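Each chain is listed here by its residues.
Protein chains: 2
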Amino acid sequence: MPAKVDMDKIVSLCKRRGFIFPSSEIYGGLGSCWDYGPMGAELKRNVKDAWWKAVIHERDDVVGLDTSIMMHPGVWVASGHVDGFTDPLVDCKSCRLRWRADELETQKCPKCGGELTEPRLFNLMFRTFMGPVEEEASTVYLRPETAQGIFVNFENVVTTSRKKLPLGIAQIGKSFRNEITTGNFIFRTREFEQMELEYFVKPGTDQQWLDYWVQERFNWYVKLGIREENLRLRQHGKDELAHYAKDCYDIDYLFPMGWSELEGIADRGDFDLTQHAKASGKELTYYDAEANEKYVPYVIEPSGGVDRSVLAFLIDAYEEEEIEGEKRTVLHLNPALAPIKVAVLPLSRNEKLTPLAKEVNKRLCSSFVTDYDDSQSIGRRYRRQDEIGTPFCVTVDFESLEDNQVTIRDRDSLAQIRVPIEDLNTILEAKLKGEAFDASSLWATRQK
Amino acid sequence: MPAKVDMDKIVSLCKRRGFIFPSSEIYGGLGSCWDYGPMGAELKRNVKDAWWKAVIHERDDVVGLDTSIMMHPGVWVASGHVDGFTDPLVDCKSCRLRWRADELETQKCPKCGGELTEPRLFNLMFRTFMGPVEEEASTVYLRPETAQGIFVNFENVVTTSRKKLPLGIAQIGKSFRNEITTGNFIFRTREFEQMELEYFVKPGTDQQWLDYWVQERFNWYVKLGIREENLRLRQHGKDELAHYAKDCYDIDYLFPMGWSELEGIADRGDFDLTQHAKASGKELTYYDAEANEKYVPYVIEPSGGVDRSVLAFLIDAYEEEEIEGEKRTVLHLNPALAPIKVAVLPLSRNEKLTPLAKEVNKRLCSSFVTDYDDSQSIGRRYRRQDEIGTPFCVTVDFESLEDNQVTIRDRDSLAQIRVPIEDLNTILEAKLKGEAFDASSLWATRQK
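Chains as they are written, first to last, in numbering that gives the first Met the number 0: chain R, 0 to 447; chain W, 0 to 447.
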């Protein structure tokens with residue numbers, strides 16, 4: 000088992016290689032906001048695409064949706080967020096610092112030992128004002144979750160998609176929570192991205208679908224490269240369940256700070272549709288033609304965080320090893336997630352090599368995401384590609400000018416093979432798509 | 000030339016077929032906010048992917064980025080948005096309605112004829128409060144454009160990407176503007192999505208790069224199916240140029256309400272990097288190793304709207320025609336943009352046909368986005384697929400049970416061919432990818 004990586008190393012790699020930068024860094028940053036750099040933007044896209052493909056495109060019982068961040072304020076009254084989405088806060092009477100009462104272990108201020116006020120409830124939704132006058136009537140909230148955008152569109156989607164239950168509606172998008180306690184890099188931030196599926200089922204079949212989705216979602220992380228031993232399933236205790244949930248499981252990952260939630264899968268019963276039907280006056284039911292009955296569907300909700308998934312994939316792929324006396328840092332990312340699939344590296348920046356290397360890059364770049372890099376020594380360029388998790392490097396050398404062959408270097412095994420340029424696309428396609436990436440056997444081999 | 004479609008028909012198709020719904024519709028909607036339904040979410044994804052592929056993946060001089068919506072407030076001071084991003088507003092002293100002074104043609108309220116107040120400047124940025132106290136110190140803005148996220152990351156990206164100038168940095172994301180005058184469906188909304196490229200060049204080469212990008216972006220729309228006669232290029236007059244722009248072109252599309260901007264391509268000179276260098280105290284320059292000189296790059300900015308592109312693609316693809324006495328509405332979308340690539344339609348819902356049709360769908364759905372539909376008559380299902388722009392329908396009939404062949408129906412020509420199921424993937428792949436979609440020749444044929 001490789002040694003656990005600490006968060007600082009991940010943060011440092013992310014900064015150094017263009018995965019993630021502190022937001023507005025030249026202005027000193029903005030609390031808990033992060034920007035995805037060139038590599039991070041690609042990795043995050045790949046994670047979202049893999050989810051969209053698995054949850055929507057490869058199934059015929061789930062459709063996608065993309066709803067707006069600003070919604071009618073009535074949505075958040077009905078969902079319970081206006082009244083209930085709060086943290087209890089206390090102020091220190093001496094130093095004025097503010098704390099979450101439910102996270103304090105003492106009665107005195109942890110900073111200065113001062114006396115604390117009584118807890119006050121603080122709503123976590125960001126408020127803003129739509130229209131030119133800042134008055135109560137035009138207050139809107141930035142959505143604290145994408146789920147409600149799905150519930151309020153239930154009727155529209157069922158009518159237009161002509162699908163029968165069970166039917167899933169899924170979306171990916173930004174949500175905002177004005178958290179007091181942020182941290183652990185991109186694990187908990189005020190602006191974040193969610194991947195949420197609401198899977199509507201006939202009441203009474205919800206338990207079986209909950210079990211199904213718990214397994215399905217767990218397998219998704221494993222299939223994309225996270226080792227099973229770093230994942231666990233945890234059922235919520237009765238006292239821990241949210242007011243809307245009949246049952247709930249967390250998929251936890253063993254982050255550097257300990258086991259923490261990657262995704263929650265909840266049985267929300269008919270809470271949401273019932274609430275919105277009451278508040279809006281619209282009937283939100285489903286007519287089951289086969290059984291000739293009408294009911295309010297129950298819903299199973301697998302709700303994952305994009306940013307924390309990205310973080311887990313980075314951490315789980317990270318390895319430092321020594322090769323011929325030199326330290327190598329490598330990300331063993333699943334090729335489907337790797338920001339760059341193929342790097343094209345001329346041995347040196349040379350007027351003879353450059354045209355051929357550019358031609359090779361041109362052949363590849365319409366089929367694969369490539370990176371053309373001709374600066375600094377080939378050793379340094381290999382190290383860079385290893386650190387950003389590029390599965391294959393294609394090296395163009397002086398022999399290539401003679402024999403029209405190039406070398407493919409494998410990120411994980413470091414094996415090199417020489418292949419004709421004209422077969423390159425076919426060979427790389429087979430390597431990237433044909434062979435399933437198996438994280439557990441990869442890591443088993445590396446522990447020998 | 001087919002008759003121009005009016006906006007109502009597009010809005011109606013979008014609602015009826017699940018492209019676009021009014022946001023929070025069951026609560027009466029929220030001013031100018033729209034939700035993308037199952038078909039719209041796919042179409043919008045395809046537009047964004049086509050842009051990302053053309054602007055980033057198929058080039059070696061542009062990298063992607065994904066920055067946060069909330070940024071340090073100092074960014075918006077430096078960019079000029081805090082002081083200058085304003086509309087002049089007047090109130091009616093009688094009926095209290097508020098108007099944009101620069102859009103009024105009279106001195107009296109257009110609604111009641113009442114007297115108007117003097118104009119006041121109103122900032123278009125949405126404000127919110129980060130942290131638990133609503134005080135000035137924690138005011139943050141929702142970004143009114145994605146561009147600034149690129150400028151403040153210039154140094155980080157140049158350092159980590161090891162690229163030389165000219166270098167482009169591109170991103171797609173939500174922006175927010177508290178517009179008084181919204182409308183024309185998804186053309187002008189308060190929450191919208193942008194596709195922006197900042198292409199950094201050596202000063203003095205900016206004019207040639209401006210010309211290059213104007214052409215490149217114009218061609219992108221044409222390649223994806225918009226007819227050239229519905230596009231025009233318009234150079235901004237000197238009096239019309241924004242304060243930061245040296246020169247600017249709009250790519251306009253002939254929308255139902257008239258020629259309106261799809262995308263602007265501006266030469267912003269060194270305005271942004273200079274402003275941020277001044278405000279942040281960081282040096283934002285580029286060292287050109289070959290010329291051994293240091294300078295502040297100039298930047299060319301092609302800035303497009305995702306939502307208005309989606310709208311233009313929908314409008315330009317729309318046709319109503321009569322076929323054998325029946326009206327048919329069809330979207331001639333480029334297959335790359337079509338939400339569904341292949342529909343799998345059993346002739347009827349039948350216990351013998353269903354297993355074979357499901358098997359055919361399963362074969363296809365890992366390579367293409369498919370839709371399995373077995374409800375209602377085959378005629379109605381064809382009409383639905385035509386209206387959502389599905390290029391190919393695969394029909395499974397009773398003969399298929401005997402001969403293992405199915406029928407492929409072409410959306411545009413309505414031609415039907417019968418092919419063996421085992422060749423289906425190869426044939427469809429060739430049809431979808433191999434043949435370039437040529438909108439002008441398609442429409443030329445249809446006018447005969």
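FYI, nobody ran anything at the bench for these hints, they're computed from the structure.
No experiment lies behind these values; they were computed from the predicted model shown.
Here a beta-carbon is modelled for each residue, glycine too, at the ideal position from N, C-alpha and C.
The reader is advised that the hints may include incorrect statements.
[As the list claims (entries may be wrong)] Here are the simulated distance ranges between beta carbons:
(1) W:Q234 <-> R:C94: 22 to 32 Å
(2) R:T425 <-> W:E358: 23 to 33 Å
(3) R:P419 <-> W:Q375: 32 to 42 Å
(4) W:A288 <-> R:I377: 16 to 26 Å
(5) W:L232 <-> R:M256: 25 to 35 Å
(6) W:Q234 <-> R:N218: 31 to 41 Å
(7) W:T180 <-> R:E117: 42 to 52 Å
(8) W:D60 <-> R:I377: 46 to 56 Å
Going back to the hint list, which numbers does this structure go against? 1, 3, 5, 6 and 8
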